[in-house]
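With the hints as extra help, turn the sequences into a complete structure.
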Amino acid sequence: MKSEQGDTGTAPILAVRNLTKIFLGPGLLASPSPVAALLEISLTMWPSRTLALVGETGSGKSTLARCLVRLEEATSGEIFFDGADFRLLRGAKLRSARRQIQLVFQDAMSALNPRFSALEAIAEPLILQGHSGPAMERQVLALMDDVGLPAAWRNRGTRQFSGGQRQRLALARALAADPQVVILDEALSGLDLSVQGQMINLLLDLQVTRRLAFLFITHDVGLAASIGDDLAVLKNGSILESSTIQEVFAHPCHPYTQSLMAIMARNAMGTFEEASGRR
Amino acid sequence: MLAYRTLATDLGDSTLPSSRPSANRLGPATLLDVDNLCVQAFRPGLGPIPILESVSFKIWPGEIVGVLGESGCGKTTLSRALLGILPGGLTVRGGSATLDSQKLFGMPEALLRTVRGNTISLIHQEAEGALHPLMRVRDQVAEILRAHRSSSYRACLKECACVLRDIFGENADRIGRSYPHELSGGQRQRVLIAQAVVCRPKIVIADEPTASLDLATQSEIISLLSALNRRNGMAILLITHNPSILRQLTQRAVIMYAGRIIEQGPTDAVLADPLHPYTQALLRLERRFSPETLVEKSRLATIPGTSPDHADLPPGCTYEPRCGVRMARCNSGEPALLPIPKERFVRCVHHEK
Amino acid sequence: MRYILRRTLHLGFLLLGVSLLSFFFLALAPGNFLDNLRLNPQISTETVAALRVQYGLDQSALMQYFHWLRSLMHGDFGFSLAYNQQASALLLPRARNTLLLTITAAAVSWILSLAVGIWAATHRNRFLDRVISLGTTTLLGIPDLLLLLLLLLLAARTSILPVGGMVSLDFEAMSFTQKCTDLAAHMMLPLGALVLGALPTLVSHIRDAMSTALQEPFLMAGAGHGISRRRLVLRYALPVAANPLISLIGFTVGALLSGSLLVEMVLGWPGLGPLLLEAIMSRDIYLVIGAVMFSSFFLVGGTFLADLFLYWNDPRIRVG
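Chains as they are written, first to last, in my numbering: chain A, 1 to 279; chain B, 1 to 353; chain C, 1 to 320.
Heads up, incomplete: computed chain A residues facing chain B, CB under 7 Å, no partners named: (1) Ser189; (2) Ile200; (3) Asn201; (4) Gly222; (5) Ser226.
Derived by calculation from the structure, the hints in this document are not laboratory data.
For each residue, glycine too, the CB sits at the ideal point set by N, CA and C.
In structure tokens form, the structure reads like this:
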């Protein structure tokens, strides 16, 4: 039974405080027109728990993901990872901390080198850590097994994998670095419902076996509910509300959250289970 | 609290969602009659691979029919075949499609060009790729009008301004002047819809119109399609992999698997009482939430296995490898699509008399 | 607007840099204008020394450069030591002739290549397309000089076209139409050489760019809406193919300019080329710098126009 946040005295694995990201307009000979993509974002993630972040396109969720792994530098605010301020790290310390937070994108094809085979794609982070040889290959095969890809496919080109399989590949690659936090930025959007289900089950299993914390970013509230322990709602760069998922579902405070819940209720199908029960 | 409880306890509510128009066939003659359509792909080294196999269905004027299936089942190929824009390597091997008493396959290219976009049109799946990056929205819509009318470009621009106002409301002028990269995902999808309906076609094929859109925008797009159907009497062939979209918009449903139709019938009947094991499995994927499932994450229902490779299909029923109720008989040849009372069809040995 | 301002600034800096470098390289080259005179025993060393001071050749290269820059502000290109007149009087008419030749060559080669390239892209792998590919590859393989000499031979043997020069001897006496025909006839040969040299590269690039554009999904979407093939190629595919091709315009201008140097010398077209060669040989510094500046200006101007064209064609560039 998952406990409430911080009950057992565990420290948060990732804490974001007042993170702000402002984009300036084009420079030289132009007055910069600032766009605030993120405004004073504060989030907390606990080990082995999933924080689901729900937001529509343009809400700033991808910018947040990128700032958290420092692909982009936030304008201000703090990111505390495992106690230290992640934003202040440099050099070797930054490199080792970076391995601990991995990012999986929506379109795996843009993240995977099309000329690589599956083996090469997954091995890349391992090679960067200094591994090589048959021991490394065994690690790669173990990872492929973990994410449900047959070992026989290790020499297939990344382009030959289907959508869901590519996401598994991207996930294996992220796990190769042995992270503590995995950020999934719309990683399951656009996949078939059955594939989404398989991926959610896989993520839940991996969370238990590898004690991972997930930041699951999505626009699909249903998906968020399948995997999230905590839920935060993002709109126009600000967090509207954030709490445990039962709390947000039971008592949505903000009108935007309430409308999301209402739409989801309206779209749900209610009749199948009753019919099969009757038969 | 209200919304949450509705999720968990809404079982017997039979009121139709407000967006779906009630069934109304505007006339006895069928608008689109697809009969035994077979499409194959030619892969070098592998020979011909069946993509669509004996696909047959009818659409009456003003109807909204949904095609439900997962990726790889051939639904996009179906839409392209009907428009005659199959990519190289894919050919129509057999069967026919009759639109408004005209046979679509074998039609000379010049005649086909007058039908495409005019009588039947397609709303593409991916808005980013389908819009021209260097043309303004109003030009992209007006070009289509110009291709089918003999009026001047000016007159076309005026007419398409009306269509844009219909679809975008007050923002129509600003959006008409914009380029695709300046628009949001939902707006781009609407531009695709505008392009498809500008010539007032009799039937529109909507290929996954709500993919990758957030919930609120999805609802808006569905309402828009529904309104267009009501107002213009335009039939819609809706292609989707999401059963809830089916429920919100369509009157009849066609379920596809491995390039074949495996179940057909009125949407309510199919969703309430699915007959084919695949349909049942597909509908079981819909997630239900209760206070318990939100805390203790239970594993989601899945369909074991993966979508079949068309180059390597089993000898009997195509769904047999993943079926939960398979029998010995299922291997011995593919079952036929048989009619069941109340306008339904099923392709499964369990329902053979 | 910002974009145009930025580009103009670049242009200015570039030209300044070119002038500096040219002066510098010329100063590095051994010898100066007066060396020939010094070799002549009839001219005394005092005269040579006096001339040195008069021409300012005794000052350092940097000082000479600043003097030249200052006079440039007044529109004075300096003094030609060999011809004993203002450099501008020599440079301007030559520049005009080179410009005439280059612009016409650019226009003709682009129009021809567009027609051939677009046709080839829409009829890929047909017989004629393969012939065109073969033709362009062969043309690419022929050295410029050989091409020129072949054309010269053709002209000399068949006497259809005048061999060399820009106008006939009795040019002044002709009527306007006769003048035009005469000019055109003289331009045929150098034009032909330049166009044939530029054609292969352009055709293959255009064919490639168009082929890629024709495979874009919005082309298929347009076809799905019933838009005619011709409209699809010209209104949908071409603007998209134009982006990579527009950068090629700048490149073409450069290639044509350097090609025109050779062409002008072999065929006797009175442009900047022959003048530049003579000036370099006799170390006529101001003439050299002037000719180089003109050429650079044409080159940079060409790329600048190409950039403007790109800005007009692609709205996405205006955002960045």
